[in-house]
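Chemist: Here's the letter readout for the chains.
4 protein chains.
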Amino acid sequence: MTSRKKEINRVVLAYSGGLDTSIILKWLQTTYGAEVITFTADLGQGEELGPARAKAELLGVKPENIFIEDLREEFVRDYVFPMFRANAQYEGLYLLGTSIARPLIAKKQIEIARKTGADAVCHGATGKGNDQVRFELGYYALEPDIAVIAPWREWDLTSRTALIEFAEKNQIPIQKDKRGEAPFSTDANLLHVSSEGKVLEDPAQEVPDYVYSRTNDPEKAPDTPQYVTIDFERGDAVAIDDEKLSPAALLTRLNELGRLHGIGRLDLVENRFVGMKSRGMYETPGGAILLVAHRGIESLTLDRGAAHLKDELMPRYAELIYNGFWFAPEREMLQAAIDKSQEFVTGRVRLKLYKGSATLVGRESPYSLYDQELVTFEEGAVAYDHRDAEGFIKLNALRLRTLAKRAARGGKK
Amino acid sequence: MTSRKKEINRVVLAYSGGLDTSIILKWLQTTYGAEVITFTADLGQGEELGPARAKAELLGVKPENIFIEDLREEFVRDYVFPMFRANAQYEGLYLLGTSIARPLIAKKQIEIARKTGADAVCHGATGKGNDQVRFELGYYALEPDIAVIAPWREWDLTSRTALIEFAEKNQIPIQKDKRGEAPFSTDANLLHVSSEGKVLEDPAQEVPDYVYSRTNDPEKAPDTPQYVTIDFERGDAVAIDDEKLSPAALLTRLNELGRLHGIGRLDLVENRFVGMKSRGMYETPGGAILLVAHRGIESLTLDRGAAHLKDELMPRYAELIYNGFWFAPEREMLQAAIDKSQEFVTGRVRLKLYKGSATLVGRESPYSLYDQELVTFEEGAVAYDHRDAEGFIKLNALRLRTLAKRAARGGKK
Amino acid sequence: MTSRKKEINRVVLAYSGGLDTSIILKWLQTTYGAEVITFTADLGQGEELGPARAKAELLGVKPENIFIEDLREEFVRDYVFPMFRANAQYEGLYLLGTSIARPLIAKKQIEIARKTGADAVCHGATGKGNDQVRFELGYYALEPDIAVIAPWREWDLTSRTALIEFAEKNQIPIQKDKRGEAPFSTDANLLHVSSEGKVLEDPAQEVPDYVYSRTNDPEKAPDTPQYVTIDFERGDAVAIDDEKLSPAALLTRLNELGRLHGIGRLDLVENRFVGMKSRGMYETPGGAILLVAHRGIESLTLDRGAAHLKDELMPRYAELIYNGFWFAPEREMLQAAIDKSQEFVTGRVRLKLYKGSATLVGRESPYSLYDQELVTFEEGAVAYDHRDAEGFIKLNALRLRTLAKRAARGGKK
Amino acid sequence: MTSRKKEINRVVLAYSGGLDTSIILKWLQTTYGAEVITFTADLGQGEELGPARAKAELLGVKPENIFIEDLREEFVRDYVFPMFRANAQYEGLYLLGTSIARPLIAKKQIEIARKTGADAVCHGATGKGNDQVRFELGYYALEPDIAVIAPWREWDLTSRTALIEFAEKNQIPIQKDKRGEAPFSTDANLLHVSSEGKVLEDPAQEVPDYVYSRTNDPEKAPDTPQYVTIDFERGDAVAIDDEKLSPAALLTRLNELGRLHGIGRLDLVENRFVGMKSRGMYETPGGAILLVAHRGIESLTLDRGAAHLKDELMPRYAELIYNGFWFAPEREMLQAAIDKSQEFVTGRVRLKLYKGSATLVGRESPYSLYDQELVTFEEGAVAYDHRDAEGFIKLNALRLRTLAKRAARGGKK
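Residue numbers (UniProt numbering), protein chains in the order written: chain A, 1 to 413; chain B, 1 to 413; chain C, 1 to 413; chain D, 1 to 413.
Read the hints as simulated data drawn from the structure, not as lab findings. Treat the hints with care, as some may be off.
Claimed, not checked - Listed below are the simulated BS3-like cross-link pairs for lysine-lysine, each with C-alpha atoms no more than 25 Å apart in a straight line:
1) LYS352(C) x LYS26(D)
2) LYS178(D) x LYS198(D)
3) LYS178(D) x LYS405(A)
4) LYS108(C) x LYS26(C)
5) LYS352(A) x LYS340(B)
Just so it is clear, the structure is predicted and the values come from calculations on it, not from any experiment.
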């Protein structure tokens, strides 16, 4: 697609320091003749960022063009937590660990582009996945005229061999284990690790144990359950076992607990936004616990009308995030509705962690809507008259009775 | 409410044979002077029905007025399975085990009322719960002018002492352990056991182990996982480990598997239709497995558009069943949509059962929509051109870019 | 229902000054022995409030217990306008003129009850309608332990004759034309007039012309169309034909325009919350114009994602207001989402009023999202590449092609 | 995009006989060297099809390759009527006249492609509109591997001058009035006429009168209203003024009535699927009447639960049709739900047509759910006890009271 190639002067690359984005870095320099600005974020993926700086320098990036930032708190506070207020699960199960990180990276790239006067941004996502969409919708929503470079859709390095050759030709250091095709590809941040491809591509075959990296095999998890309490304030988790923690520290702690007890594994065939089904493996140890906990505190403090509306809106909300529409007005509208509901989602839940499961075993709140006197079998001094139920049923039944009479008159039932 | 008391000649009572419904039986005879017809159903609750007949006779019900029916196959085939096609979970978690049984009982009572010329039906549900609503909406939807008697809303036997006195005065046999207040109340059928009340009423306290009756404690479940395959045809499970089974037999088998591995326990604070929160404990061993399995086969065979629409409709569908609107037109409309989607939901899933969890580990289908060639990283002969993604993103981004330009012009972002 | 009668000391009555609420006033004094506090609001119903004060005094209400308030601005600003931001129409057509007034009246009654130490509130709505529900849900949502008196559900004045007799016995003045049964009953406020009952009860018969009071017969409306401009700011109308107007003044002006041109009549069979169908006639001259205008300015300034989400949420939102759940959390959540969308709904629309119709003929906005360059047939310098459409279509088609291939393999299509 | 040009042997062209599709025909022959098969459909656009045959022959299409079909009955019966069962309106207003015709044309082209062994299909829709999407999603859904040619996205005839030159060079007859740029472009079928472009592109300017072709100006419509009855069976219109009519004949008759009275004009700024806003003018005289009529008969015969569910699903359903997803599973699921609801939508409505408006004035049905006795003010022998309302309200209020108590305890309200 030579004809569509843009004239680029300066480009901000989402740079991990790994082989693939190093190749992209070099390719941008050689193909586009562009000055490359690297952006490397700590989102809790569990890798040190120091080497990324060294490697960028080695590849000729000017020191002032190397941006490295620890985004863990911002990530959890402004992206993960708002999403968990919605109990968001894509296709009923996926906790959106990759999807939720992309908008933040996109936003930071755009900020750096503005700061450095760059006219383009670049990401390392492939041409068949969702991430290219998420990155680019983010870019365009924030900077509508930015040029976007997606090397995997543009270049002719379409085989592993071609990539390695390019790397060798350009003096890019190659770790031994990166020469061959990886048995699967991985994305990681503080919320989750995901894997897909190669050994995972047959959905009839169980995921091999070596694919998992962030959780113990439940069979090898402790034989004794562990109890934990989580405190919430206005919909967000704020403390574990009575210890106040910042958002990122709290999620880190939950990840440790989840890892130990083998919680949060998911083997999923999902529907990509680009139109195909794929099979992925996800590990979201802390997130899986957090979901159970949040649902638990909501069950006590959220009104039925609010809770049911949230449940009905959730699939749409999750789909929007999955598809990359974090910065779209309809996501913001749904967020406004969801946030409105969380005012009293404050209190404490208790969970039991054991062999792959996080089970809610107790919840309490100063804002509880549960009224023991009301629910107790005896009719008491409370605001409930058994006879009210008759009227309630009668009027709810009225339209059904009218329907039944029509059926009796000649329609069928 | 004496003034509203109806003139009743014959009444069909949903009769379990237990103490409470025996008291109701006698109360109907003495208070209303009505001829009582008993209906006792085997819904898989796990009790023998023989004693119910004997007891009804003892209490003066004429043999021709005693109806006992094994409804297990009809229950699973026409109620449980259609509901599982929707992956229905009330408030995200509850598998609706009690809710789904009520319409069938109501339907049978109405059929017997017609057969026997009865002018009333009667149930033993209390005045604060959902079941009264479910029974009565069912009655009215099928027979709009039937009289409904709900003793718990009408009588003055409002304490355990009063009930026992009434029983003694009327020669109703009382088992020793029924004299005192039960520590919790229970409902059971082939899909689940539920418990609520008394010892469960503090939602901060963990459910005591003795409340569970249908599942092993996960901690005492086998230390070795068990693998099982489930085959589906058009959305319904038809075989386990290659053995074809009738609906009820299949659910029974799943219950055994779930019991062994401690699967399907749920401790829930839920919102009742009558307006209060209550706390219940549910055990749905087979159902919990079935849900995972059905979601698994759908993930492979259901189109994204259909799957997402189902996810969005589900909360409403579940709410309708929970609230007792099984026979309402809107439930039937949703069912038509759901059933339409299940045409190719055929194939096999493989699950791993272990210590409280049922985990999907594989799925395959002759109608699979998963296309390994399409998803594979290399661009192949298949119908996917990486460049298509650019156009796809560009047009999806167009409105976001227009918004961003407006924001730049003076609106904020 | 003597047994349920509450002990009441002081009661705040929603008092119109008309015969029916005067009877209620007296009945409260005589039956409950309660001190009556009257509340009369000007909601734009088009009646003077002076006589209400005089009549209340005549009926023995102490001067300090007579509350009269002009609520027109608050009504339009805080109830009508927020509702119109949603384009709310119940069952596709009804502009909710009665429904939206009830919460405000309920709120004021509760405020007065608090101020005066009253322990009860009372309304004059009948036992078959929606208004009783709307009033009482409002009362309970704001003051959960308030006693509620609904005379039409309680008393034995169940015929016109009985009412008139009661009035005569209690020296309540009776206008001549109120002695007989009214040919229809009416509710009015600044947003609308509604009529129902008697002459309207056969839904096959056209509404007689004399029922209409707020609009000209379109056939008698001017033969020449009138053009009008309406300006919006953040979703609310603020000016007509360049003249800035307060909310109530603006709606008043729209009502005059609508009256002249015969706009806003509606003959509807609707579904009441209490379970029956009823037939009503509505005149909403200004509201009908406002809806067209608001949709018009939104069409230019609202993003597609926001607009479609609003359209999907609207029926639920309208249903909540119709059913009386203005003060429920789910209505507030939806309002938060809707309000979030209105930030740039600013600009001017032009309408043509003629013989019963308000037609949008033009719209413009500094925040317009319409881009003439983008939409023009020629491919220009703008951000649209025709080839993008191919990729967009291809990826949108991908799942449909996969389905078609499955169908070809053996499934049917 | 030469590199993506497909090898084509035989191509089925949607051919109108007009200048533009004649140019396409010739372009396909000359550029692709393909044998062209023409398909010309009578969808009620109001043009004779004879000339299309003559012109195709003139342009060298073999007689056996010319397909001309009258699709009017199929169009109305299988596309328009099912859509009207849903009361579908895109963005609240647009009756989807163009959108609903595309799937049928696509289907016929695919059928002819199969019959003639063609390997490609071709349409004349431009690269910025929705129709390209609708055609192509239809093609791909029915024949996943068909090649699709979209000349407007491919060729370099990007100006009127280039087109006319190409026509002249290729001996394509050119009507005098087609030499210049048309002042607007038009689509027509039995359901509607639409116009867009050029003179319509400024959304602030009123649509000039000469753009309208299918309706009288309301100001010039008869000064006397006309009454008309429409009979429905199971959701579809079957007779007008007592005369049974086939679907197409019925819609034709409604169009005549609507034309006379100036009904069904719409001036709309809408959101295209491809991401931009456009401004169009629609005339749907018969459809506008049909919508009012169908809503009217539903109001009498449809249960509230069904009606409200339909209202909530409608925007999604309309969006699917607008976006071209007629053949998608989710559209079929929604159709199944909608059709399920129409079983008793049978009866007669009466409308008044006058100066641009179709107003419902009466409705009756053997399956009416309206119960005059139930709704009448007096409490009668019917199944309604005023006291039931109290219980109904009390239980609906229960959760609101609980919320209010929480607010009083320390939360705010």
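Chemist: Would you mind marking each hint as holding or not holding in the structure?
Modeler: Structure-based check of each hint:
no. : hint                  : in the structure
1   : LYS352(C) x LYS26(D)  : violated (46 Å)
2   : LYS178(D) x LYS198(D) : holds (15 Å)
3   : LYS178(D) x LYS405(A) : violated (63 Å)
4   : LYS108(C) x LYS26(C)  : holds (21 Å)
5   : LYS352(A) x LYS340(B) : violated (40 Å)
Violation of the numbered hints given earlier is confined to hints 1, 3, 5; the remaining hints are satisfied by the structure.
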